[in-house]
Amino acid sequence: VTTLAGTYLEASSGSPSTGMEAGPALAENQSVVLSENISTIWIGGVKRRITDVANFLQEQVAVALEPPLILVDKFTTVVAGNSGRSQARSIEAPTRRLEHYLRYLSRSGELSTDTALFAWRAWNQLRKATSYSLPVPDASPGPNGQLLYTWDRGEHHFELEIFPDGAGEFFYRNRASGRLWDTEYVVGQPVPQGVVDKLALFL
Amino acid sequence: MQDRLRPGSKGEPLPEGQTVFRLGKPTKDGFVASPVHFELSTKDEQSELQALSVWVEGLTTVQQSLEFIESNREALRLVLYLSVDTVRGIRPDPDSLDVPPLDVVWDPLTLQNGNGTEPDTRPGAEGHAGITGLKRPPRVSRTHYKSIRSQLADLAVPETLA
Numbered sequence: 180v181t182t183l184a185g186t187y188l189e190a191s192s193g194s195p196s197t198g199m200e201a202g203p204a205l206a207e208n209q210s211v212v213l214s215e216n217i218s219t220i221w222i223g224g225v226k227r228r229i230t231d232v233a234n235f236l237q238e239q240v241a242v243a244l245e246p247p248l249i250l251v252d253k254f255t256t257v258v259a260g261n262s263g264r265s266q267a268r269s270i271e272a273p274t275r276r277l278e279h280y281l282r283y284l285s286r287s288g289e290l291s292t293d294t295a296l297f298a299w300r301a302w303n304q305l306r307k308a309t310s311y312s313l314p315v316p317d318a319s320p321g322p323n324g325q326l327l328y329t330w331d332r333g334e335h336h337f338e339l340e341i342f343p344d345g346a347g348e349f350f351y352r353n354r355a356s357g358r359l360w361d362t363e364y365v366v367g368q369p370v371p372q373g374v375v376d377k378l379a380l381f382l
Numbered sequence: 042m043q044d045r046l047r048p049g050s051k052g053e054p055l056p057e058g059q060t061v062f063r064l065g066k067p068t069k070d071g072f073v074a075s076p077v078h079f080e081l082s083t084k085d086e087q088s089e090l091q092a093l094s095v096w097v098e099g100l101t102t103v104q105q106s107l108e109f110i111e112s113n114r115e116a117l118r119l120v121l122y123l124s125v126d127t128v129r130g131i132r133p134d135p136d137s138l139d140v141p142p143l144d145v146v147w148d149p150l151t152l153q154n155g156n157g158t159e160p161d162t163r164p165g166a167e168g169h170a171g172i173t174g175l176k177r178p179p180r181v182s183r184t185h186y187k188s189i190r191s192q193l194a195d196l197a198v199p200e201t202l203a
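Taken in order, these protein sequences are the chains called D and C.
If you want this note's numbering, it's the position in the first sequence, counting the first as 1, plus 179.
If you want this note's numbering, it's the position in the second sequence, counting the first as 1, plus 41.
Bound conformation, chain C alone (with noise of 0.2 Å):
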């Protein structure tokens, strides 16, 4: 019997094998991936891990992952499923050693108390996870990180969120 899959550390990578999930508003013409849905926000760019946030399947549901958004979340009514070994797998067409590896790792969630921090414990709180990789490196030129989000808007397995 397979073991159930445990939350990690933040930053710590996420075992071979899993899928996660990001929420995104449908584009003009439905329910289809577009690279704008993996461009981070400059609040994303500003956090610790410059991460992109998804959730794990298998930890969260999507109901669950929608009670985290705070405004505006009927709006959000795709579901975008990656392979985080195909994640881990994309480059830049044509390559480059300046790119960092996309990569996917746990980011658990904190609420605030007091002047400190505790665990978010809320369900569903378990499974959230960032893509890491995304941020640009000043020497590198966004036409790698356009080919990079263009690709996980390809590889992206998209759902309409009923």
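Isolated chain D, as found in the complex (with noise of 0.2 Å):
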């Protein structure tokens, strides 16, 4: 599924009474649902337990969003080393509340799961595209089922609004030159070099 420094995460369909030990590995882009009895899957020919492998993609996936089932988004390239232990950075505290803010909005119905899902996958596309020094953007849900991300600074504001179906918008306004700048985007996509040069005023 993902590969990094040689280490690979590998998802496959099977029993819940026996685990992730049977079937195909799971295509790309296709979301899994591991419930609580499934207790273990395979990773890199290792048997883990499933609270390990949560806790091992909690910077790259969405766990948890609604307890007791553990949504797992696409796996994507999950940070690992070449012996196979977790080299993830731990998640800091901002971003555990952004995690938690989606999750709220998703169990209160505001947001879809899809949206939230979205929109968590997008965040960590940015964090990765900025080397995670981007700082956690502001965010709200809006009338029409979509969710805005904000980032202020003085003069810079820069958003990134994502609707249900996975499309996005960057939208930058210079406050002080009155500067306009957008472009599209879709969650899973390259983030466009563009973003990466206007996030570059947050950091």
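Everything labelled a hint here was simulated from the structure, so no lab data went into it.
Small disclaimer: the values here were computed from a predicted structure and weren't measured.
Any given hint could be a false lead.
[Stated by the list, open to error] Some, not all, of what chain C presents toward chain D, calculated at C-beta under 7 Å: (1) Ser75; (2) Thr151; (3) Lys187.
[To be verified] Listed below are several chain C residues computed to face chain D (Cβ distance under 8 Å; list not exhaustive): (4) Ser82; (5) Arg132; (6) Asp134.
Glycine is no exception: its CB is placed at the ideal position from the N, C-alpha and C atoms.
Hey, can you piece these two chains together into the complex? The hints should help.
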């Protein structure tokens, strides 16, 4: 499903009663639901407890959006070393707060679970694109099922609006010069360089 | 002595010097105005005035405005105040002749009465108004409208609803 430094995570379909040992590998972009009665998963030939996997993946995927289920979005770029031991960075409090906020919106029905997952994935993409130094944005749901991320610093205002179908729109406004800029985006697609350049204003 | 403000007819501009407020939900970071607070809902777009719902301070209290919210009113803990004159002065930057001006107009509430409607006479109903000009015409870029709603968020004065 993903590789970095030679280690990979393999997710397969299988019987809940027997864990994740059988079945073909899942395709990219396929969401999987790991329920409470699945206690183990195979990673790189090693059987691991699902709770460890959840911790392992938290940097890259949305987990536990709807306890007791664990929703895992597309597995991408799991950070791990050659030994298979996780080198994933711990999630700092602001990111945890964003995760909790998205979970709250999803539970309360203000945002669909899909949109919450898109938003979480987009945040992780942007984080990665800025070498994990991007401040966590403010966030707010819109009236039509979208979620808006905003970054504000002095004259700089930047937004990412994420729609229920996974489409996104970036928008920049300079309060001093009036300069405007925008571009479209699809969650999961590479982050445009112009966006990375704008995000650098907030680092 | 200043005359008491009287509500106008549907679509009639509010007098200068008034202040309106809009109810909203706090963002993740708290009681701040976000551009999404000034986004028209699909219901707003389909309404006759295509206006964003606001209330005129002086005719409606915040507590009265909450009585008109049908569901999840406890989530609306943010009040955003805007000067009518300020709203009318907002233009996209850079400006475009294709972008109609924002206005704040009266939008009297009505109640269903059989097959017809009748004026809503509940306390505070007379202060209902709307910000028009937020519906993007097809020929105008979305950038201009994102600029406008961002400016509205900058200019709104937020208050926490106890």
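We went through each hint and held it up to the structure:
1. Ser75: 4 Å, holds
2. Thr151: 22 Å, violated
3. Lys187: Holds - the Cβ of Lys187/C comes within 7 Å of chain D, reaching about 4 Å at its closest.
4. Ser82: Hint on Ser82/C: holds, closest Cβ of chain D at ~4 Å, below 8 Å.
5. Arg132: Hint violated; Arg132/C Cβ to chain D Cβ min 10 Å, cut 8 Å.
6. Asp134: Check passed: Cβ of Asp134/C comes within 4 Å of chain D, closer than 8 Å.
The structure shown violates the earlier hints numbered 2, 5.
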